[in-house]
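There are 2 protein chains.
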Amino acid sequence: MPEQMIARKKVISTVEQVFNRFGFYPIETPAFEYTDTLTAKCGDEVSKQVFKLEGTKFGLRFDLTVPLSRVVASNTALTKPFKRYCIARVWRYEEPQKGRFREFWQADVDVVGSSSMRADAECLSTAASALKELGFNGFEVRVNNRKILDAVVTQAGVPKEKEFDVFRSLDKLEKREEEGVKQELKDRGIPDDIITKLMDFIKITGSNEEKLELLEGMVGSTEAGRAGIDELKQLIDFFSKYEISGDCEIVIDFSLVRGLDYYTGPIFEIKIPGGNIGSVAGGGRFDKLIELYDAPATPATGISLGLERVIAVMQDREMVETAKTVSKVYVAPVKPEFYDYALKVVDFFRKSGVAAETDLMERSLRKQLDYANSMGIPFVAVVGAKEQKEEGVMLRDFESGEERLVSLEEALAKLSS
Amino acid sequence: MPEQMIARKKVISTVEQVFNRFGFYPIETPAFEYTDTLTAKCGDEVSKQVFKLEGTKFGLRFDLTVPLSRVVASNTALTKPFKRYCIARVWRYEEPQKGRFREFWQADVDVVGSSSMRADAECLSTAASALKELGFNGFEVRVNNRKILDAVVTQAGVPKEKEFDVFRSLDKLEKREEEGVKQELKDRGIPDDIITKLMDFIKITGSNEEKLELLEGMVGSTEAGRAGIDELKQLIDFFSKYEISGDCEIVIDFSLVRGLDYYTGPIFEIKIPGGNIGSVAGGGRFDKLIELYDAPATPATGISLGLERVIAVMQDREMVETAKTVSKVYVAPVKPEFYDYALKVVDFFRKSGVAAETDLMERSLRKQLDYANSMGIPFVAVVGAKEQKEEGVMLRDFESGEERLVSLEEALAKLSS
Chain C
1 MPEQMIARKK VISTVEQVFN RFGFYPIETP AFEYTDTLTA KCGDEVSKQV
51 FKLEGTKFGL RFDLTVPLSR VVASNTALTK PFKRYCIARV WRYEEPQKGR
101 FREFWQADVD VVGSSSMRAD AECLSTAASA LKELGFNGFE VRVNNRKILD
151 AVVTQAGVPK EKEFDVFRSL DKLEKREEEG VKQELKDRGI PDDIITKLMD
201 FIKITGSNEE KLELLEGMVG STEAGRAGID ELKQLIDFFS KYEISGDCEI
251 VIDFSLVRGL DYYTGPIFEI KIPGGNIGSV AGGGRFDKLI ELYDAPATPA
301 TGISLGLERV IAVMQDREMV ETAKTVSKVY VAPVKPEFYD YALKVVDFFR
351 KSGVAAETDL MERSLRKQLD YANSMGIPFV AVVGAKEQKE EGVMLRDFES
401 GEERLVSLEE ALAKLSS
Chain G
418 MPEQMIARKK VISTVEQVFN RFGFYPIETP AFEYTDTLTA KCGDEVSKQV
468 FKLEGTKFGL RFDLTVPLSR VVASNTALTK PFKRYCIARV WRYEEPQKGR
518 FREFWQADVD VVGSSSMRAD AECLSTAASA LKELGFNGFE VRVNNRKILD
568 AVVTQAGVPK EKEFDVFRSL DKLEKREEEG VKQELKDRGI PDDIITKLMD
618 FIKITGSNEE KLELLEGMVG STEAGRAGID ELKQLIDFFS KYEISGDCEI
668 VIDFSLVRGL DYYTGPIFEI KIPGGNIGSV AGGGRFDKLI ELYDAPATPA
718 TGISLGLERV IAVMQDREMV ETAKTVSKVY VAPVKPEFYD YALKVVDFFR
768 KSGVAAETDL MERSLRKQLD YANSMGIPFV AVVGAKEQKE EGVMLRDFES
818 GEERLVSLEE ALAKLSS
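Heads up: the protein sequence lines correspond to chains C and G, in order. Note that my numbering numbers the first sequence so that position 262 is 262, with each residue one more than the last. Note that my numbering numbers the second sequence so that position 132 is 549, with each residue one more than the last.
One should not assume that every hint holds.
[Stated by the list, open to error] Below, computed lysine to aspartate or glutamate pairings styled on DMTMM-like, alpha-carbon distance capped at 25 Å: (1) G/Lys745 to C/Glu28; (2) G/Lys761 to C/Asp237; (3) G/Lys599 to G/Glu626.
Since the hints were derived computationally from the structure, they do not count as laboratory data.
Construct all of the structure, not just a fragment, from the sequences and the given hints.
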């Protein structure tokens, strides 16, 4: 409803400004893609959540990363790095068996064309800065790396073809009991001793340095392990140079997996403090996704802010001003014969950039004032014979109760202040 | 691509500002509705253009008016008038038999709850003002009224149940030869003499006054005719009080029908001069649509700007600045060891509201400068040992070629000017 929408617009506009300041530019893609494109690398579970359009080969996007990758793949001449942002809706069946649908807004930034950890740090920093600009403070930035997970899972003895299955099960640890996850792994044919090894790994505690040291011992000598550890170190290092890192605690979290199959390197999430609200931003590197759409290998990384969750928390915490309207002034003709003059007055205000409205209902003055009051419009400009003659308005400030006959210019000055 | 998207964003933001100034507030609705809701009153042809979602009762919206009506119907407590705007995508199969899809942006304003022609005039005026703000000048505002069409069609002898069929055929006159339309009417079972009467009517020429006088004689004594004539007169009268009407020629056009079944009163379109580009905005009153969704009778009217068409014309006429990026300055570290300082500098610029970027690719200085140049970023701030020591940047203005070592504050002043 209006209050919520006006709040949402403000949030989107703030996020957009931050994205712009970080040098990301807007690229939107169609809501549709070929179903094959959508499901090429998302994994079975998300695959089931894709809406298909009857009688066509199209489906609705379930995220903004896949469409971006498809667009980049079909426009190989794009200057790199290609820094784009996109604030748009995506769609998923939340519970396919019930036929329920879910539509939500994501705000993504992506850097395409760079394999440097600088790009990942930039995305994290942009998202955290956007959250700060919205009024949040103190973030937990959780990072992990798919190459490390890959090395650990391989070393534990998981067969290559079951790797993504294991990732998807582990990803559920935040939402589900450990026992349930263990059972799911078992059902997927993973032997008990391997499950124990994996659980021990993701529960490793300690400082980031301690975790990195442990990792060195575990997988530092494998190719994937080595690369993952180096990326993790570089990412933390680059990120720590941004001023916003002062508002963040960066934590290596081996239990962070993220559900989608297309991640290849760093993965990350941002949590805001207070309450059990999960992460409000998440993303990672997807170096192999673009080439899947018949393009040369193109490294890429990005992060996505979940706007629904962000806005819900902001509303709970009364961090957004709620307004029922954007109008600053209501111009009220005392009788229909002054409607012409009322239109002159709103024209004048609008031309000067002040949001103004007048009586579109042909109502009595009393009803007009009731309306303006109930909408919370801060000023009313009453116009009748005297005001018309003197080319002014009787300006009433609802908050102070003050009322005075002023010229249009005086009224404008008051409304613009 | 980036240039187009940046241009589109600017257009949307300008339109949004005008909508706000006119006191319309943002309401967005889901992309989905029950298919039954969507097709309840759109007519057979549009019905066929609705995308259905496999395995559900949902379809994608084909306009923004139907979803608005459904939302209003389920929120009867909304304060009236309810002035909303919505800038969003809609979807239609353009040629269902070929399985092609079409996705386009509409920018709508609607006034719900008022049966006064003031509301229709306000919508027209808002749309014309938005077009003017975008840089267009001199509009043709074509108006007609469904009640008049109804009266004329009835008087000509068209049976009630074929009325909408006739409207839909007549609506094609702009795109198709007259003979084709006549044939279609014939195929729909309309006798020749009635077809001749209808064609004579829609071809009536003359001034608005002459047309109104003729109408009086034809249908002024029927209920629908009387109401339609009065509405037409009032609409023209109210609209002429807005300053923007000075930029418009308002023309009564009996051939204006509009394709959708839900219109009940005034219908209107706005054309921009030059070239054969059809109308860029269109709408009308839909007093019976909201009650269709089990709500009390609620009058409503609105207009929709076709953003694709508007933007296409603006690009053709070079009315939009094309930029490949939003960044104002590129901060170039001469070597990797100055990347930390480069991040400090971009942090400073960004915090001050200046869109800034730095090297996410770990490239040589030369390649960085090539990139900044090819993207059209207006300034480059080179940073090396000397700049870091003096806490400044070597600021190069690409346009003037001027280059100078300046403090961060000086650089900021230059970038913000």
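A quick look at each hint next to the structure:
1. Annotation: proposed proximity of G/Lys745 to C/Glu28 holds, straight-line Cα distance about 22 Å (limit 25 Å).
2. A hinted pair counts as satisfied when its Cα atoms are at most 25 Å apart, and G/Lys761 with C/Asp237 qualifies at roughly 14 Å.
3. For the given pair, G/Lys599 sits about 28 Å from G/Glu626 by alpha-carbon distance, which is inconsistent with the 25 Å threshold.
Checked against the numbered hints above, the structure breaks only hint 3 and satisfies the rest.
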